[in-house]
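Enquirer: Could you build the full structure based on these sequences and the hints that come with them?
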Amino acid sequence: MKWRIEFSNRAGKFARKHGLMDTVTNQIVLFLKTLNGNPGAPDVKMLKGKWKGYYRIRISDIRIVFDLDKDKKVVFVESIDRRDKAYR
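If you read the sequence shown in our numbering, its first letter stands for residue 17, the second for the next number, and so on.
Honestly, the hints are just simulated from the structure, not real lab data.
Being a predicted model, the structure only gives us computed values, none of them experimental.
A hint or two may mislead.
[As the list claims (entries may be wrong)] Calculated lysine to any residue pairs in the SDA-like style (CA-CA distance at most 25 Å, straight line):
#1 LYS86 / ARG74
#2 LYS33 / ILE78
#3 LYS101 / PHE47
#4 LYS86 / TYR71
#5 LYS29 / LEU46
#6 LYS88 / TYR70
#7 LYS61 / ILE75
#8 LYS49 / ARG79
#9 LYS49 / LYS64
#10 LYS101 / ARG74
#11 LYS68 / ASP97
#12 LYS68 / LYS88
Expert: If you want it as structure tokens, here you go:
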């Protein structure tokens, strides 16, 4: 079974507006490959506090906040935004 990537309305809108859809998808795919033991992970960090259980990928000043459902093999991208607005 392959992984499926889903976007919230807000995250999808930001990615389309700024032409980041391919970049976001590629970074998430790289992260998923590292779960299987392949090297080359992007800058991924598990979040704390209000965002506990979520991960973030950093691409310059853009943050991608997402959640994994390993049983259903779904990545849900909750937020994509500039660093100062991503965690609101």
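Enquirer: Now, for every hint given, state plainly whether the structure supports it.
Expert: To see whether the hints hold, each was checked on the structure:
1. A distance of roughly 22 Å separates the Cα atoms of LYS86 and ARG74; the hinted pair therefore holds under the 25 Å criterion.
2. Restraint check for LYS33 and ILE78: satisfied, since their Cα atoms lie roughly 13 Å apart, inside the 25 Å limit.
3. Our distance criterion of 25 Å between C-alpha atoms is met by LYS101 and PHE47, whose separation comes to about 23 Å.
4. Restraint check: the Cα-Cα separation between LYS86 and TYR71 comes to about 13 Å, which is no more than 25 Å; the hinted pair holds.
5. Taking the CA atoms of LYS29 and LEU46, the gap is about 22 Å. The hint holds against a cut of 25 Å.
6. A C-alpha spacing of about 16 Å is found between LYS88 and TYR70, which places the hinted pair at or below 25 Å, so the restraint holds.
7. A hinted pair counts as satisfied when its Cα atoms are at most 25 Å apart, and LYS61 with ILE75 qualifies at roughly 12 Å.
8. Between LYS49 and ARG79 the alpha-carbon distance is near 19 Å, which keeps this suggested pair within the 25 Å criterion.
9. Distance hint between LYS49 and LYS64 is fulfilled; the C-alpha atoms sit about 23 Å from each other, no more than 25 Å.
10. A threshold of 25 Å between alpha carbons decides the hint, and for LYS101 with ARG74 the separation of about 13 Å falls inside it, so the pair holds.
11. Of the pairs offered as hints, the one joining LYS68 and ASP97 holds, with about 18 Å between alpha carbons and a cut-off of 25 Å not exceeded.
12. For the hint linking LYS68 to LYS88, the alpha-carbon distance of about 20 Å falls within 25 Å, and the restraint holds.
Taken one by one, the earlier hints all hold for this structure without exception.
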